[in-house]
Each structure stands twice: as C-alpha cells, then as structure tokens.
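A.B. asks: Using the sequences and the accompanying hints, generate a full structural model.
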Amino acid sequence: MAFVFYDTETTGISTDFDQVLQFAAIKTDADLNEIDRFEVRSRLLPYVIPNPGALAVTGVRLSTLHDTNLPHHYDMMRSIQAKLQEWSPSVFIGYNTIKFDEELLRKGLFKTLHPPYLTSLNGNCRGDVLTLLQAVSVLAPEALVFPTNSHGKNVLKLDQVAPANGFAHENAHDAMGDVLATIHVASLVRDRCPTIWNQFLDLTSKSGAQQLLANESALLLTEFYFGKPYQFVVTKVEPTPGNPSSVLALDLRHDPDDLANMSDDEMASWAGSSPKPVRKVKINACPNLCKLGDAPASCLPDLDGQIISQRAERIKADHALRQRIVNAVVAATPEYEESPFVEEQLYAGGFLSNSDEQLMASFHNVPWEERPALASQLQDSRLRYHAARLLYEMHPQGLTEQSRVQLEDEMWARAMEQEVPKGKYASLYSALADTLEMLETAQGEQLEILQELRPFLEGQIQTGLDRGAP
1 MAFVFYDTET TGISTDFDQV LQFAAIKTDA DLNEIDRFEV RSRLLPYVIP
51 NPGALAVTGV RLSTLHDTNL PHHYDMMRSI QAKLQEWSPS VFIGYNTIKF
101 DEELLRKGLF KTLHPPYLTS LNGNCRGDVL TLLQAVSVLA PEALVFPTNS
151 HGKNVLKLDQ VAPANGFAHE NAHDAMGDVL ATIHVASLVR DRCPTIWNQF
201 LDLTSKSGAQ QLLANESALL LTEFYFGKPY QFVVTKVEPT PGNPSSVLAL
251 DLRHDPDDLA NMSDDEMASW AGSSPKPVRK VKINACPNLC KLGDAPASCL
301 PDLDGQIISQ RAERIKADHA LRQRIVNAVV AATPEYEESP FVEEQLYAGG
351 FLSNSDEQLM ASFHNVPWEE RPALASQLQD SRLRYHAARL LYEMHPQGLT
401 EQSRVQLEDE MWARAMEQEV PKGKYASLYS ALADTLEMLE TAQGEQLEIL
451 QELRPFLEGQ IQTGLDRGAP
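For the sequence shown, counting from 1, position 382 maps to 382 in UniProt numbering; every step adds exactly one.
What the hints contain is simulated information worked out from the structure, not anything from laboratory work.
Careful: at least some of the hints might be erroneous.
Pairs of lysine-lysine, DSBU-like flavour, derived with a Cα cap of 30 Å [as the list claims (entries may be wrong)]:
1) K83 <-> K228
2) K291 <-> K206
3) K83 <-> K206
4) K27 <-> K99
5) K276 <-> K83
6) K228 <-> K99
7) K153 <-> K83
8) K27 <-> K83
9) K282 <-> K27
Distance windows between CB atoms, simulated [claimed, not checked]:
10) A30 <-> L465: 57 to 65 Å
11) R61 <-> S381: 34 to 42 Å
12) A140 <-> L303: 19 to 27 Å
13) S274 <-> L303: 14 to 22 Å
14) V405 <-> E437: 29 to 37 Å
15) E445 <-> F341: 48 to 56 Å
16) V145 <-> Y225: 17 to 25 Å
17) M394 <-> A2: 27 to 35 Å
18) T400 <-> N69: 50 to 58 Å
For clarity, every value in this text was computed on a predicted model and none was experimentally measured.
We put the beta carbon where it would ideally sit given N, CA and C, even for glycine.
C.D. replies: Shown next, in the form of structure tokens:
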C-alpha cells in the first residue's frame with residue numbers, strides 16, 4: 001500500500017479552536033519513493049485569533065494571514081479532501097499527527113461539512129512516526145542519534161532528531177520541510193530496524209492491532225508521559241465499554257489471584273489507582289506494542305517469563321474475572337460533561353445520519369445561493385452551526401439578518417474576553433498580552449512578526465470597544 005506523509009502549520013496548539021494555515025503532503029510507494037506531492041495554504045478565518053507564539057515559530061506574518069490571494073479556509077479544505085480522496089487507500093503518516101495534525105484535519109473537515117474520518121475509513125489507515133521513534137528510542141536506541149536535553153532525556157522533536165541523523169532541516173516548521181524530514185527519519189528506521197518498522201506497519205490498521213492482541217498472550221506496551229517512557233507487560237482483557245476502538249489490557253505485575261479475592265469496591269479502588277493497572281490501548285491509533293520476544297531484557301519488568309504466561313492464561317480463561325475488571329474500570333472512570341462549545345463536540349455527538357451525509361455531499365455541489373436551504377435540512381445541530389459559520393464567511397447574504405447578527409455578536413464577545421478558558425481559544429486581549437510578553441525578548445524575524453501583530457490586535461480591540469462589545 002502507498003503512504004501519504006503529511007504535516008500542517010496552524011494558528012496555535014488547540015486542535016478544537018485553531019485552524020490549519022498550511023497543509024503539505026507527499027505520496028510515496030511502499031518503498032518510500034515519492035510519487036506525488038501537494039501543498040496548499042489558507043487565509044485566516046474571521047473568528048480565529050492566532051496565537052502569537054505559533055506565528056513567531058512558523059514565521060507567518062500578518063500580511064500572509066490576510067492575503068486575499070490565498071484560498072479561504074473552506075476552499076483549502078475542499079482541495080485537501082479532494083486530494084486525499086484521490087490518494088486513497090493509503091497509510092496516512094506524519095510526526096505527532098495522530099494527537100495533533102490529524103485532529104485539526106478531522107475538525108477542519110467537519111467544520112466545512114465533510115466526513116471527518118477520511119484517514120481511517122474506506123481502506124485507509126494511519127500511523128505516527130513519533131510513535132515509531134519512541135519505540136526505537138527504547139527498543140534499539142543505538143540505531144539513531146537521539147539528542148538529549150539538560151536532564152539527559154532523549155529529545156524526540158523532529159527539528160532536532162532529523163538534523164542529528166543527517167537531514168538538512170533548513171525549513172523546520174514549514175509543513176513541506178517537516179514532511180521531507182519525516183520521510184527521511186522513517187526511511188532510516190525502515191533500513192536499520194526492520195523488525196520495529198514491520199511491527200509499526202502492522203499496527204497502523206485497527207485489524208492489525210486486534211490480531212496482535214489476539215495472537216499474543218502478553219505484549220510490551222510503551223507509553224510516553226512528559227518525554228519519559230513507561231513500559232507495561234499487558235494482556236488483553238476486553239474491549240473498552242462504549243469504545244470499539246479501544247481495548248482494556250491488564251498490567252501483569254498485578255496478580256489475577258489477588259484480584260479475584262477483592263470485593264467489587266476494592267477492585268474499583270484498585271482500578272482507579274496510579275499508575276493505572278488497566279491500560280486503555282487505542283487499537284485504531286497505532287499503539288506502541290511489541291512482542292515480548294522482540295524486546296530487550298532491559299525493557300521488561302522483573303517478572304519471570306513463566307509467571308507472565310501463567311497470569312496471562314489465567315485472565316484469558318476466567319471470563320467472570322475479566323468482566324469484573326471491566327466493571328471496576330467503568331466504576332473508576334469519571335463522567336465528563338459534554339462541552340458547551342460546538343468546536344469540542346466532534347466525538348460527543350455520535351456518528352452522522354445517512355441523510356445528513358447526503359446533504360453534506362450535496363451542499364458542495366450546488367451554487368451558494370442554494371446552500372442555505374440545504375443547510376436548514378441538516379438534522380445534526382453541530383452541522384447546522386458549522387453550516388451557518390460557513391455561510392457567514394463565504395455567502396453572508398444567505399443568512400437571515402438575525403442569524404448573521406447573532407454569529408457576529410458571538411464572535412466579538414469571544415474575541416473581547418479578558419480572561420479565556422485555559423487551553424481553548426485565544427481572545428484579542430490574551431493574544432495581546434502574549435505578544436507584549438514575547439516582545440521583551442524577541443529578536444530578528446520573530447521581533448518583526450510581533451511588532452506587526454501588536455498594532456493589529458490593539459486596533460481590533462478598539463473596534464470591539466467601539467461596537468459596544470464588553
């Protein structure tokens with residue numbers, strides 16, 4: 001199967017509220033030889049306030065954000081969707097894409113009324129070269145040069161790993177430059193660590209991960225937290241309730257005989273302890289799993305191989321105990337309220353109905369004058385909201401005066417917030433505060449970018465005050 005390596009540059013680090021500014025991708029054959037490449041940029045959405053730090057890092061200037069020669073965000077997403085459909089089926093791969101770039105891609109597609117799961121459906125699957133390098137760093141650390149920080153920890157940032165291993169990374173934080181760097185690093189792993197590479201490829205598909213978990217009584221699971229690897233010898237318990245793309249796996253340092261003797265309350269308390277004794281393995285997200293026979297002894301816990309086998313077999317044979325473990329995990333899992341922000345509701349509202357999917361497809365194939373009528377027929381409230389925003393940007397005359405004013409008031413109210421929810425969107429005030437702080441130490445091009453940004457933000461704040469925003 002072919003590979004599609006891709007990367008994005010964005011307005012910030014929020015996968016829900018920020019937007020893609022640049023998308024770049026290269027399609028390769030199975031041997032990682034380039035077949036085709038694609039690149040597109042977008043102007044800024046009217047309701048997105050860019051993070052000054054992101055602009056300083058990527059080198060994107062204010063003039064570029066508002067360049068009317070660049071496509072609208074909607075048109076960019078249309079071209080991305082068309083190209084990725086053309087390149088399918090493929091293995092979609094990037095660097096930290098599963099947690100970041102793909103989330104922005106999914107949500108960008110959803111906000112523009114496209115099916116969001118393009119990279120994982122219809123024969124496509126997905127991997128992450130960051131996960132691949134994490135595996136190499138613990139299973140075969142001598143295979144690559146890993147830079148270290150002041151604390152002696154391996155640094156796995158692409159802009160440091162790629163140059164340390166022979167890539168002339170002159171365009172770091174440019175999407176196409178990062179794609180080329182990712183292919184370079186992936187090629188090195190393929191050539192130097194074929195076992196790790198082949199295992200990685202197997203795990204890019206949900207079925208591959210399911211098969212590995214079914215065939216092996218125990219596996220080594222590696223997870224990274226704050227740059228540090230944590231490893232667990234695990235055995236499959238059951239699928240995670242309510243999530244067919246996740247599997248519960250027991251850390252075999254815990255003796256099943258001890259679990260069997262616990263009361264239900266004791267087991268629920270145990271399931272909620274830290275580190276979690278039952279790991280949730282996302283089988284559709286390229287989990288970092290390894291056969292025990294392929295792992296060096298230094299990566300394995302101080303457990304006798306016979307004990308590992310006995311405990312794994314005990315779990316496999318005891319359906320009642322497995323179900324008690326599942327119930328304990330459910331009891332120990334806190335319930336989360338649905339976010340009030342539509343931008344955060346992609347995974348909360350369930351899958352789309354067939355009728356809405358048909359309306360979404362029709363929406364893109366009729367003149368803008370006919371799209372408001374189609375948008376009004378959408379059953380899903382999330383889609384109706386995103387459709388209204390699309391019309392506001394692309395065809396405002398298609399909205400009623402009441403709807404247009406409501407969207408505009410909402411946009412300005414958020415932009416003028418002096419205190420914003422942590423980890424969500426930026427406001428004009430928060431962006432200005434960040435800009436002023438960074439200006440104290442910025443130099444060179446970053447200084448120029450921030451000096452251009454400051455008067456723009458101040459002007460927008462004044463506009464908000466003049467229109468009566470709080």
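A.B. asks: Decide, hint by hint, whether the structure agrees.
C.D. replies: Now for the hints, and whether the structure bears them out:
1. The hinted pair formed by K83 and K228 fails the criterion: a straight-line CA distance of about 37 Å is larger than 30 Å.
2. Under the criterion of a C-alpha separation no larger than 30 Å, the hint pairing K291 with K206 is consistent with the structure, at around 17 Å.
3. Between K83 and K206 the CA atoms are separated by roughly 24 Å; this keeps the pair inside 30 Å, and the hint holds.
4. Taking the CA atoms of K27 and K99, the gap is near 21 Å; set against the 30 Å cutoff, the hint holds.
5. For the hint pairing K276 with K83, the CA-to-CA distance comes to about 41 Å; that exceeds 30 Å, so the pair is violated.
6. With a CA separation close to 17 Å, the supplied pair K228 and K99 stays within the 30 Å bound.
7. Of the pairs offered as hints, the one joining K153 and K83 is violated, with about 39 Å between alpha carbons and a cut-off of 30 Å exceeded.
8. For the hint linking K27 to K83, the alpha-carbon distance of about 10 Å falls within 30 Å, and the restraint holds.
9. With a C-alpha separation of about 26 Å, the suggested pair K282 and K27 falls inside the 30 Å cut-off, and the hint holds.
10. A30 and L465 have their C-beta atoms about 58 Å apart, which keeps the hinted 57 to 65 Å range intact.
11. The hinted range of 34 to 42 Å is satisfied by R61 and S381, whose Cβ atoms lie roughly 37 Å apart.
12. A140 and L303 have their C-beta atoms about 22 Å apart, which keeps the hinted 19 to 27 Å range intact.
13. Taking 14 to 22 Å as the suggested C-beta distance range, the pair S274 and L303 conforms, at roughly 20 Å.
14. The hint said 29 to 37 Å for the Cβ distance between V405 and E437, and at roughly 35 Å that hint holds.
15. For the hinted restraint 48 to 56 Å between E445 and F341, the CB-CB distance of approximately 34 Å leaves it violated.
16. One distance hint, 17 to 25 Å for the beta-carbon pair V145 and Y225, holds here, with the actual separation near 23 Å.
17. The hint said 27 to 35 Å for the Cβ distance between M394 and A2, and at roughly 33 Å that hint holds.
18. Roughly 31 Å separates the CB atoms of T400 and N69, a value that falls outside the hinted 50 to 58 Å.
The structure is inconsistent with the numbered hints 1, 5, 7, 15 and 18, although it conforms to all the rest.
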